[in-house]
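Peer 1: Going down the list, the protein sequences come from chains A and B. The opening residue of the first sequence carries number 1 in UniProt numbering; numbering runs sequentially from there. The opening residue of the second sequence carries number 1 in UniProt numbering; numbering runs sequentially from there.
Worth flagging that the hints you see were computed from the coordinates, not collected in a lab. Idealized CB from N, CA, C, for every residue including glycine. The reader is advised that the hints may include incorrect statements.
[To be verified] Negatives, chain B to chain A, calculated, CB over 10 Å: (1) Ala77; (2) Asp82; (3) Trp195; (4) Thr247.
[What the hints assert, rightly or not] Far from chain B, by Cβ distances over 12 Å, these chain A residues were calculated: (5) Ala35; (6) Leu108; (7) Val229; (8) Ala278.
[As the list claims (entries may be wrong)] Restraint-style ranges between C-beta atoms, simulated for each label pair: (9) A:Asp88 with B:Arg229: 54 to 60 Å; (10) B:Thr175 with A:Lys163: 35 to 41 Å; (11) A:Val76 with B:Thr238: 50 to 56 Å; (12) A:Gly141 with B:Gly224: 57 to 63 Å; (13) A:Ala35 with B:Pro157: 25 to 31 Å; (14) A:Ser211 with B:Leu227: 57 to 63 Å.
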Amino acid sequence: MSATDAAGPAAVPAPPAPPRAPAPDGSPGAGRRTARRRAGRAGQYLALLCYLVFLAFPLLWLVSTAFKSPQELGSVHPTWLPRHPTLDNFRTAFDEQPLLHSALNSLLIAGISAVVSVAVAVPAAYAMVRFRSVVSRAGTGWILVSQMFPLVLVIIPLFMVLKNLHLIDSRLGLGLVYVVWTLPFALWMLQGYVRAVPVSLEEAAAIDGCSRARALRSVVLPLLTPGLVATLMFSFVTAWNEFFFGLVLLKSPEKQTMSVILTHFLGAEGAADLGPLAAASVLATLPSLLFFALLQKRLVGGMMTGAVKG
Amino acid sequence: MSAGAVLRPRRGPRRGAGSAPPRSTAARRRVLGLDRDAWFLLLPALIPVLVLSVGPLLYGISLAFTDAQSGVTSSTAFTGVDNFKELRLDSLFWQSFRIGLLWAVCVTVLQFLMSLGLALLLNQNLRLRWLARTLALVPWAMPEVVVGIMWRLVYNPDAGILNNTLHHLHLTDGTTDWLSSLSLALPAVVVVGVWAGMPQTTVVLLAGLQNVPLELHEAASLDGAGLWRRFTTVTWPTLRPVVLSITALNFIWNFNSFGLVYVLTSGGPGGKTELPMLFAYDEAFRYGQFGYAAAMGLVMVAVIAVLLAVFLRNRLKEDES
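Okay, chain A solo, but in the shape it has when bound:
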């Protein structure tokens, strides 16, 4: 726990120091002040280092474990980096569990549900921003309230409803659930993007004889595209990473998503084959990590426009 302790509350650093005009040379306080400022800087770098260690070391360990040979994994003196990097763990992982198949399941379920979720969220977000009324307030309220309920309260009736519809243990059923599951956030983000589209453009289109539907399609939508892409990716990542619904709603191994398949590596007693476990985990993270890397700025920006102005 050393990393955590070091980076804990004690390390909460000083608030940002505004740029100060350098004290004129020779003034009595100048030397002391620069010394103190230097010490402050050093303290900040030390704190930053602690954070970097805390954030990075589990990740490094995961990736390193994924490339280690069985001999090295069994060694009493583990090393940070694999001495003889190998891909064996990945091969074993694919042999042990239907990884590829589960990845395709996840891709399909998360992809389709993200598309549907965003498709229904766009008009709704537009309506919530442009027609402010009882319903848009109710919508915002629902977005917040939906965060409050423990999933067990939703999953039991959902389980029964889907069972009656013969959608238990069905990828379609899980996809439908994910549409609703990702919807609050999609709405949240998209509202921010819709607000950023100037109404004057729509008015101009209306004056030129555009119907609202036409204005929506050919004026608003193109301007929303970057926001749409960001929301789409975010919904995808949310569904790809989701675990609880997948665990409850899918029983046959050939239908399960990657998150659920990963837990099979843990075995009944929790005794796991560490190498393949790490290898499969690395693979499961790659798609969402890729999206985040590509869209980092936009995702954060989108969440913020939704959150700060919401």
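Fit chain B to the supplied structure of chain A, relying on the hints for placement.
Peer 2: Frame of chain A, contents of chain B only:
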């Protein structure tokens, strides 16, 4: 938004020359203050939400008052508050409830303090800032199952890096079994919760910090205010509303969390990390007690709602004074 009002021509006389459609027809189409266009736009989202979210939620609440069991749908009977009476005496549930509250408070507080520290650092012009920024976002992109697995590898008593490092630093003898120890399991799991939840909080706080007016800082600094003084008088007041909402949300998310601990310990050892969601999950999907588990869920919501109401009211009152 004033802009929105302009686009609602049917509500009032339109400014300028546009020829608005007659108000009377529009008024006839209005339901709940929305005209037909708006309903048409909302409907695609409304239907799935009603069918798969609001509906099941209401149904779930009603299930809490029945003896519904998995697989036995025909003979479900309304049992009134029986479930809650039974729950009141269920010491195991209350144990998990206490653990859940403890976990949620610890994780939320640590998450907040650490994220505030990181956000303040990232708001500075420091050299390795980009690396920290990127790293701080990574946990967000990771499936919680992977986060759990990753930390199991770190905590592993034999092959884990934590024991090894601590041993090298002569801090422990390097044989600690973190996740199986009755006293260490919960703290160990809390650390993972903090790690996993830091990105959101950091990003939100960082956005809040960027709203802090720099001129105020400079003015305070010219008046001779030190770092701490400037933090409490300038930064904190601006940040406060953001802190309020993110802390409340984090608390709810943490109290209701499931996957992370499911993968790390499955509630063990000896129920020391058995969060209420894990407990209710077992009750519902291992023992098939749907009605009873739904009652647990309802109790969880009720307590969270009360706590939040108290928390938010106190904070709002403080803000007023």
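Peer 1: Looking at Thr247 (chain B) again, its CB stays over 10 Å from all of chain A?
Peer 2: holds (13 Å)
Peer 1: Would the least Cβ to Cβ distance between Val229 (chain A) and chain B come out above 12 Å?
Peer 2: Non-interface label stands for Val229 (chain A): nearest chain B Cβ at 16 Å, farther than 12 Å.
Peer 1: So Ala77 (chain B) supposedly isn't at the interface. Is its beta-carbon more than 10 Å from every beta-carbon in chain A?
Peer 2: Per Cβ check, Ala77 (chain B) is outside 10 Å of chain A; nearest 15 Å; holds.
Peer 1: Taking the shortest Cβ-to-Cβ distance between Ala278 (chain A) and chain B, state whether it exceeds 12 Å.
Peer 2: violated (6 Å)
Peer 1: Given the hint of 54 to 60 Å, is the C-beta distance from Asp88 (chain A) to Arg229 (chain B) inside that range or not?
Peer 2: Cβ of Asp88 (chain A) to Cβ of Arg229 (chain B): about 59 Å, so the range 54 to 60 Å holds.
Peer 1: Between Ala35 (chain A) and Pro157 (chain B), does the C-beta distance stay in 25 to 31 Å?
Peer 2: Hint violated: Cβ distance 46 Å, outside 25 to 31 Å.
Peer 1: Would you say Leu108 (chain A) is clear of chain B, with no C-beta pair closer than or equal to 12 Å?
Peer 2: holds (16 Å)
Peer 1: Is the claim that Asp82 (chain B) lies outside the interface with chain A correct, judged by CB distances over 10 Å?
Peer 2: holds (17 Å)
Peer 1: 35 to 41 Å was suggested as the range; check whether the CB atoms of Thr175 (chain B) and Lys163 (chain A) agree with it.
Peer 2: violated (48 Å)
Peer 1: Is the claim that Ala35 (chain A) lies outside the interface with chain B correct, judged by CB distances over 12 Å?
Peer 2: holds (15 Å)
Peer 1: Is 57 to 63 Å a correct range for the gap between the Cβ atoms of Gly141 (chain A) and Gly224 (chain B)?
Peer 2: With Cβ atoms ~46 Å apart, the hint is violated.
Peer 1: Range hint 50 to 56 Å: satisfied by the CB atoms of Val76 (chain A) and Thr238 (chain B)?
Peer 2: Holds, at about 53 Å.
Consistency note: the structure conflicts with the earlier hints numbered 3, 8, 10, 12, 13.
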